[in-house]
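Here the sequence shown is numbered in UniProt numbering, starting from 1 and rising by one per residue.
None of these hints come from the bench; they were simulated from the model. Predicted model only: the values in this text are computed from it and were never measured. Hints may contain errors.
[Unchecked claim] Only pairs whose alpha carbons sit at most 20 Å apart, straight line, appear in this in silico SDA-like list of lysine to any residue:
id, residue 1, residue 2
1, Lys81, Lys200
2, Lys119, Cys23
3, Lys14, Phe175
4, Lys70, Glu151
5, Lys27, Lys70
6, Lys60, Asp106
[Stated by the list, open to error] So the derived label-pair ranges between C-beta atoms look like this:
id, residue 1, residue 2, range
7, Glu184, Ser148, 13 to 21 Å
8, Leu143, Asp123, 18 to 26 Å
9, Asp123, Lys144, 13 to 21 Å
10, Ile158, Ile56, 31 to 39 Å
11, Ile8, Asn180, 41 to 49 Å
Glycine is no exception: its CB is placed at the ideal position from the N, C-alpha and C atoms.
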Amino acid sequence: MRVIFWHIKIETIKKLLEEIRDCSVCKPFLPLGANPIISASYQSKIVLASQAPGKIAHEKSIAWDDPSGKRLREWLDVDKKAFYNPDNFAVLPLGFCFPGKSKTGDLPPRPECAPLWHKKVTDQFVNDPLYILIGNHSQRYYLKDNLSLTERIKNFEIYLPNYFVLPHPSPVNHFWMNKNKWFETDVIPILQNEIKKRLK
């Protein structure tokens, strides 16, 4: 019976991911068309909930394969092999497709995506994963508060053991990083310890 259960779990999430990757609900609003980017396993131990794929991710059909991803892996203290193993990390942005550009950067994720798909994916997890909430959009969606990103990160421990809040690791976020030196000295070591506990 146990073998049958796990087989059903594997097939269920496989079909769900195929359905998501075929999704075109937001296609009329996407300047480069629909290309949903997601990675997950029913065994995922950590969920990376971010904003939405950038243009590079859209073109490569791979999340976090850019300078932001390099910095994120440094923060997490994991290599690419561990990072791209869906049994370790699920990639679950609020919007699965590149939303386009504004004058100040990427547009916010499309509002249709997370309410339509996130719970269907998270219901498949069996390991009670740690949710790493990267940036304001994912933090507001999951935490339902009106705090600033800096306030949340200064008080990151109150969200454990379910959530770990992070700024976006983009190189263009250097102003925030320079202004908040405590983040790398005080928060990152605890983040890395949490990741080690989950992946052992």
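Verification of the supplied hints:
{"no.": "1", "hint": "Lys81 with Lys200", "verdict": "holds (15 Å)"}
{"no.": "2", "hint": "Lys119 with Cys23", "verdict": "holds (16 Å)"}
{"no.": "3", "hint": "Lys14 with Phe175", "verdict": "violated (40 Å)"}
{"no.": "4", "hint": "Lys70 with Glu151", "verdict": "violated (25 Å)"}
{"no.": "5", "hint": "Lys27 with Lys70", "verdict": "violated (29 Å)"}
{"no.": "6", "hint": "Lys60 with Asp106", "verdict": "holds (17 Å)"}
{"no.": "7", "hint": "Glu184 with Ser148: 13 to 21 Å", "verdict": "holds (19 Å)"}
{"no.": "8", "hint": "Leu143 with Asp123: 18 to 26 Å", "verdict": "holds (19 Å)"}
{"no.": "9", "hint": "Asp123 with Lys144: 13 to 21 Å", "verdict": "holds (19 Å)"}
{"no.": "10", "hint": "Ile158 with Ile56: 31 to 39 Å", "verdict": "holds (34 Å)"}
{"no.": "11", "hint": "Ile8 with Asn180: 41 to 49 Å", "verdict": "holds (46 Å)"}
In summary, the structure is inconsistent with hints 3, 4 and 5 from the numbered list given earlier, while agreeing with the others.
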